[in-house]
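Chains as they are written, first to last, in the working numbering: chain A, 1 to 295; chain B, 1 to 262; chain C, 1 to 436.
It should be emphasised that the hints constitute simulated quantities derived from the structure, not laboratory data. The structure displayed is predicted, hence computed values, not measured ones. Keep in mind that the hints are not guaranteed to be accurate.
Claimed, not checked - Derived, one-sided and incomplete: chain A residues facing chain B with beta-carbon distance under 7 Å: (1) Y16; (2) P21; (3) A22; (4) V30; (5) A36; (6) N37; (7) L104; (8) V122; (9) S126; (10) L130; (11) R207; (12) S283; (13) V284; (14) L285.
To be verified - With beta-carbon atoms standing in for the labels, derived distance ranges: (15) R376(C) to I149(A): 37 to 43 Å; (16) A181(C) to I149(A): 18 to 24 Å; (17) I48(B) to D374(C): 34 to 40 Å; (18) I149(A) to G183(C): 54 to 60 Å; (19) E180(C) to P212(A): 54 to 60 Å; (20) L23(B) to N75(C): 27 to 33 Å; (21) R179(B) to N75(C): 39 to 45 Å; (22) E180(C) to I48(B): 39 to 45 Å; (23) T145(A) to G183(C): 18 to 24 Å; (24) R376(C) to T68(A): 45 to 51 Å; (25) L285(A) to G211(C): 56 to 62 Å.
For every residue, glycine included, the Cβ atom is placed at its ideal position computed from N, Cα and C.
Given next are the chains, with one letter for each unit.
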Amino acid sequence: MSIPGGTRRRAALSSYLYLVPALILVVGVVHVGIVANITYSTLDWNGISPNGKPVGADNYLKLLNDPTFWVSLRNTLVFAAATIALQMVFGFALAVLVRTRAVLRGLLRTLAFVPVVLAPAVVATSFRFLLTPDGSINGLLSAVTGQTIDQPWLADPSTALLMIVLINVWQYTGYSFLIYDAAMGQIDTSVIEATRIDGASTWQLLRLVVAPLLSGSHLVLIVLGVISALKTFDLVYLTTAGGPGTTTQVLTGYIYKQVIDQFHAGYGAALSVALVAIALVFSVLQVRLSSREAK
Amino acid sequence: MFQHQKLFGRAISQVFVIIALALLVAPLAMIVQTSFQGQGPENYVIVISTTPFLRFFLNSLVISAVTVLLVIICSISSAYAIATLRPRGSRLFMVLILAGMALPGIALIVPLFYVIQALGLLNTYWAVIVPLTAISIPFGALVATNYIRALPVELYEAARIDGASNWTYFVRILIPVARPIIAVITIFTFLAAWNEYTLPLIFIQNTDLQVLTQVPTYFQSQRLVDTPKIFAAGVLISLPIVLAYVLMQRLFREGMSAGAVK
Amino acid sequence: MTFRNRSRAAVSLVALAATAALLAGCSGGSPAPADGGNQTVTWWTWNAFNPDKTIADFEAANPNITIDYKLYSYNDYVTAIRTGLTSNDGPDVFQVQPGELVTNFGPLAVPLDDFLAENGGDRINPEGLSQLQLDGTQVALPSYMSAAGLIYYNASILDELGVAVPTDFDEWKTACATIEAAGYDCLAHGAKDAWVNTDVYLSLINSIAPGDVYDAIEGKADWTDKPFVEAMQAWSDLFTSGIIPAGATAAAEYPDAFGAFLEKKAAFIALGTWNTPGTMTSVGIAVSQETVTAKIDSTYLSAPFPAPVAGDAPTGLFGGPDNGWAVSAKSDAQDAALTFLDFLSLGGGQEIQAAGGNIPAVSDVSVATDDVVDPRQVADIERQQTDLGKLIGARQIPYGDLATALGEALSAVAAGTLSPADAMAQVQAVSASLSR
Chain A
1 MSIPGGTRRR
11 AALSSYLYLV
21 PALILVVGVV
31 HVGIVANITY
41 STLDWNGISP
51 NGKPVGADNY
61 LKLLNDPTFW
71 VSLRNTLVFA
81 AATIALQMVF
91 GFALAVLVRT
101 RAVLRGLLRT
111 LAFVPVVLAP
121 AVVATSFRFL
131 LTPDGSINGL
141 LSAVTGQTID
151 QPWLADPSTA
161 LLMIVLINVW
171 QYTGYSFLIY
181 DAAMGQIDTS
191 VIEATRIDGA
201 STWQLLRLVV
211 APLLSGSHLV
221 LIVLGVISAL
231 KTFDLVYLTT
241 AGGPGTTTQV
251 LTGYIYKQVI
261 DQFHAGYGAA
271 LSVALVAIAL
281 VFSVLQVRLS
291 SREAK
Chain B
1 MFQHQKLFGR
11 AISQVFVIIA
21 LALLVAPLAM
31 IVQTSFQGQG
41 PENYVIVIST
51 TPFLRFFLNS
61 LVISAVTVLL
71 VIICSISSAY
81 AIATLRPRGS
91 RLFMVLILAG
101 MALPGIALIV
111 PLFYVIQALG
121 LLNTYWAVIV
131 PLTAISIPFG
141 ALVATNYIRA
151 LPVELYEAAR
161 IDGASNWTYF
171 VRILIPVARP
181 IIAVITIFTF
191 LAAWNEYTLP
201 LIFIQNTDLQ
211 VLTQVPTYFQ
221 SQRLVDTPKI
231 FAAGVLISLP
241 IVLAYVLMQR
251 LFREGMSAGA
261 VK
Chain C
1 MTFRNRSRAA
11 VSLVALAATA
21 ALLAGCSGGS
31 PAPADGGNQT
41 VTWWTWNAFN
51 PDKTIADFEA
61 ANPNITIDYK
71 LYSYNDYVTA
81 IRTGLTSNDG
91 PDVFQVQPGE
101 LVTNFGPLAV
111 PLDDFLAENG
121 GDRINPEGLS
131 QLQLDGTQVA
141 LPSYMSAAGL
151 IYYNASILDE
161 LGVAVPTDFD
171 EWKTACATIE
181 AAGYDCLAHG
191 AKDAWVNTDV
201 YLSLINSIAP
211 GDVYDAIEGK
221 ADWTDKPFVE
231 AMQAWSDLFT
241 SGIIPAGATA
251 AAEYPDAFGA
261 FLEKKAAFIA
271 LGTWNTPGTM
281 TSVGIAVSQE
291 TVTAKIDSTY
301 LSAPFPAPVA
311 GDAPTGLFGG
321 PDNGWAVSAK
331 SDAQDAALTF
341 LDFLSLGGGQ
351 EIQAAGGNIP
361 AVSDVSVATD
371 DVVDPRQVAD
381 IERQQTDLGK
391 LIGARQIPYG
401 DLATALGEAL
411 SAVAAGTLSP
421 ADAMAQVQAV
431 SASLSR
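Make the full structure from the sequences, and use the hints.
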């Protein structure tokens with residue numbers, strides 16, 4: 001959609017006006033925040049006293065050599081990859097399920113979104129109780145398998161991160177479900193029928209026809225998923241606080257710890273800048289890919 | 001998609017539906033069950049009567065509603081520029097707006113504090129509304145841009161040929177047509193604003209202006225954590241949104257299908 | 001109404017609400033002026049003992065002063081206090097504890113040395129004062145004294161199983177075998193919380209090499225020296241031998257471990273003297289009861305934390321002021337704030353602490369023992385107060401990075417992902433890099 005020729009210049013100026021409200025707010029709050037963090041990241045500062053000691057790029061050098069930073073980064077990316085993949089698969093599956101002839105599918109549709117609206121604090125604390133060795137989840141597993149299961153899911157370093165991934169999947173699959181549900185609803189039924197007539201099985205139908213048609217949804221979910229995973233804080237902090245040791249520590253939790261517990265506001269700012277840089281890469285990707293889609 | 005399902009297929013899908021329901025419901029049930037421990041249903045009464053619950057409810061409502069309004073205005077107008085008007089450099093603007101999405105809350109607090117204090121907004125609703133709006137705009141702009149891009153090209157061109165200015169098109173045609181995506185932005189922004197915890201904690205000292213997310217903290221001190229009441233408070237806080245979603249499902253879904261994503 | 005009209009109506013409603021909000025919101029922030037002598041003192045805490053009675057008693061004795069009380073959870077408090085102390089609407093009296101809080105927020109507090117001299121500061125336990133000083137200046141006054149190095153035990157369980165209170169690890173393991181066979185957990189522990197892990201580690205090292213850890217904290221000894229590694233090994237032992245049940249690394253001390261202790265699911269818990277009100281006084285127990293479903297009907301007593309090495313003396317008490325009160329330098333009601341401070345640390349506030357079962361900061365007030373549930377608890381409480389006069393050292397590690405490093409090392413060893421020797425090497429690396 002482009003504006004016809006001659007009035008382009010005048011139109012362009014007033015077009016910018018439409019961007020102004022959003023820009024003032026986003027730039028005024030978020031970008032000022034980012035710039036401020038870049039400034040703080042050059043200081044050795046406790047966040048409270050009026051002056052910090054300038055240390056140049058020391059905080060960034062420290063960051064590169066900080067094993068906990070790399071562990072947190074790795075955990076954050078693993079968390080992102082796992083949650084996004086699982087949420088997309090399960091969300092897709094749910095969107096398919098509500099289109100079957102099964103009973104109670106309407107209830108499923110309503111219920112899928114309920115966990116999404118719950119406060120993260122409530123979800124985190126609840127699952128902390130459910131996943132204790134003598135908690136309800138082990139109780140259920142024991143009943144189903146007939147053996148006594150008393151695995152300490154969140155306390156065991158080999159299962160803690162997995163559990164956090166699963167809790168997040170439980171809460172937010174409803175979100176990807178919603179997006180897939182909407183997108184699937186837009187698929188022309190004649191396409192489905194034609195594929196069926198050609199003798200395709202359900203699995204073939206989904207894999208070869210439906211999934212490709214939903215590529216726009218896949219993209220949005222991945223990008224939003226990455227940004228949201230990078231920002232995850234409450235879930236980790238309130239279940240394991242990054243433990244045991246640092247096996248579930250994520251970047252946001254590490255930043256919080258450095259700034260609040262250890263009074264290293266300068267180093268925390270450097271970590272925040274690193275986080276934003278990672279997100280920036282994904283944002284640029286998203287804009288590129290989505291505007292290519294639009295052409 | 002499944003117009004004629006064979007018995008086997010129906011059985012399998014039924015099993016999966018039941019499993020999915022069970023997985024969804026079980027933790028929810030346990031949350032409610034925990035809220036009834038200790039002193040039982042009285043927990044809910046205690047939560048409402050011993051905290052400024054109603055006052056906080058109203059504050060949360062005002063803050064969330066104003067935030068939603070501002071986010072909608074900013075999202076739709078910027079999406080309009082990026083998707084329809086497309087002045088030069090608007091893609092850069094999109095990147096700028098989106099890049100803001102990832103800044104973690106904790107990194108925002110110190111610089112934000114100086115800005116808010118300088119503006120004299122400390123201890124007012126605006127101290128929460130302004131930052132909340134700023135961090136919610138990127139998502140709104142993103143989905144609105146997708147939506148507007150999906151609109152038929154003829155809509156704008158026809159309006160221009162008829163002599164409508166950009167503003168007239170915006171107000172008279174685009175906004176009404178964008179109602180479904182406005183519904184989507186409303187729900188997600190309202191959700192974020194309603195559940196916001198850290199911003200009100202830091203920027204509102206006056207108890208009269210405090211929000212609902214502070215209620216659970218009335219039941220925990222360093223060495224005494226009253227979990228059942230905290231959960232009861234959590235349930236009460238989530239209830240309005242759950243109800244709103246259940247009632248508005250249809251409209252919301254219409255908004256999602258009409259082009260939150262293609 | 002068509003949808004368009006409805007949404008128009010909705011928009012106008014919101015606009016109206018927003019205007020009302022603007023007006024309301026804008027007027028909410030003005031500071032309370034001192035009108036006709038009536039002042040408001042804003043009081044921020046994360047842990048105040050019996051605040052209602054404190055406020056009531058104080059306001060009754062000082063009708064011109066109103067207390068505006070705010071309670072935060074600890075993490076929220078540390079986040080909110082940063083901006084609170086630099087804004088104009090922040091607290092007048094705020095809480096601190098020995099360590100990083102005093103170091104970082106001390107400079108924002110009013111120096112109290114003159115105040116102490118004029119108001120009988122020599123009544124206060126010297127240890128309570130010294131841990132709240134910054135570079136020789138008194139920045140806060142203690143609220144009450146507390147110490148760790150103890151375990152609390154469920155005397156009912158021990159009596160019913162005929163188990164004696166253990167004094168070292170060997171006795172403890174034997175006792176735990178019996179206790180666990182009867183279906184209880186042995187030591188309830190929330191290993192998710194670094195502070196309680198540190199308390200236990202200090203209990204261990206202060207038995208193996210009394211007082212040496214305070215040299216290591218100041219950088220005068222190496223954390224890789226033999227006693228420290230031994231203590232870390234003993235810590236690991238607690239988990240591998242089953243004294244601490246599985247799943248502890250994901251449990252919080254409050255409410256998980258404490259709840260298990262109260263509900264008679266575990267026989268021991270490693271808490272300090274602050275635990276006395278909630279487990280030994282009838283008033284305190286009633287408060288504890290509100291947080292658990294099972295009825296609390298056991299008798300609880302305390303004993304020194306068992307020594308890791310058989311036959312060794314167990315640790316002495318270590319601690320100091322549990323927390324303290326400071327006056328903000330930005331306070332616009334300093335006189336009123338100081339009056340309140342006087343009440344809290346030197347006056348009626350101390351009586352309230354003692355009456356509730358806490359050990360007061362002033363040395364001339366004794367802990368009340370008349371509200372106990374069982375006569376054995378009287379001697380127990382009196383012993384706690386006496387032992388508090390002989391502290392080996394503090395509970396808190398004054399350096400945030402070192403405290404975090406030790407906490408993470410303890411957590412990793414508990415989870416089995418790090419060996420005690422490697423853990424102490426990590427702690428030593430951080431300790432060496434500190435500028436003290």
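Each hint tested on the structure:
For Y16(A), the shortest C-beta to C-beta distance to chain B is roughly 6 Å, which falls under 7 Å, so the interface hint holds. For the restraint placing P21(A) at the interface with chain B, the shortest Cβ-Cβ distance is roughly 5 Å, inside the 7 Å limit, so the hint holds. Annotation: interface hint on A22(A) holds; nearest CB of chain B at approximately 4 Å, less than 7 Å. The interface hint given for V30(A) is met, as the beta carbon of that residue sits about 4 Å from the closest beta carbon of chain B, less than 7 Å.
Annotation: interface hint on A36(A) holds; nearest CB of chain B at approximately 3 Å, less than 7 Å. For N37(A), the suggested interface contact is upheld, since its CB lies about 5 Å from the closest CB of chain B, less than 7 Å. Given hint, L104(A) at the interface with chain B, holds; its Cβ is 6 Å from that chain's nearest Cβ, closer than 7 Å. Annotation: interface hint on V122(A) holds; nearest CB of chain B at approximately 4 Å, less than 7 Å.
The interface hint given for S126(A) holds, since its Cβ lies 5 Å from the closest Cβ of chain B, which is under the 7 Å cut-off. Satisfaction of the interface hint for L130(A) is found here, the shortest Cβ-Cβ separation to chain B being roughly 6 Å, below the 7 Å cut-off. About 14 Å separates the beta-carbon of R207(A) from the nearest beta-carbon of chain B, more than 7 Å, and the hint is not met. With 7 Å as the threshold, the beta carbon of S283(A) comes within range of chain B, its nearest partner Cβ sitting at about 4 Å, so the hint holds.
A hinted interface residue such as V284(A) counts as satisfied when its beta carbon comes closer than 7 Å to some beta carbon of chain B; here the least separation is about 6 Å, so the hint holds. Annotation: interface hint on L285(A) violated; nearest CB of chain B at approximately 10 Å, more than 7 Å. Checking the proposed 37 to 43 Å range against R376(C) and I149(A) shows it holds: the Cβ atoms sit about 40 Å from each other. A C-beta distance of roughly 21 Å is found between A181(C) and I149(A), which places it inside the suggested range of 18 to 24 Å.
Restraint check, I48(B) to D374(C): a C-beta distance of roughly 37 Å satisfies the suggested window 34 to 40 Å. The beta-carbon spacing between I149(A) and G183(C), approximately 18 Å, falls outside the hinted interval of 54 to 60 Å. Checked against the hint of 54 to 60 Å, the pair E180(C) and P212(A) passes, with Cβ atoms roughly 58 Å apart. The given range of 27 to 33 Å is respected by L23(B) and N75(C), whose C-beta atoms sit roughly 31 Å from each other.
Range check, R179(B) to N75(C): Cβ separation about 42 Å, and the 39 to 45 Å hint holds. One distance hint, 39 to 45 Å for the beta-carbon pair E180(C) and I48(B), holds here, with the actual separation near 43 Å. Range check, T145(A) to G183(C): Cβ separation about 22 Å, and the 18 to 24 Å hint holds. At about 47 Å, the CB distance of R376(C) to T68(A) agrees with the hint of 45 to 51 Å.
At about 58 Å, the CB distance of L285(A) to G211(C) agrees with the hint of 56 to 62 Å.
Hints 11, 14 and 18 from the earlier list are contradicted by this structure; the remaining hints agree with it.
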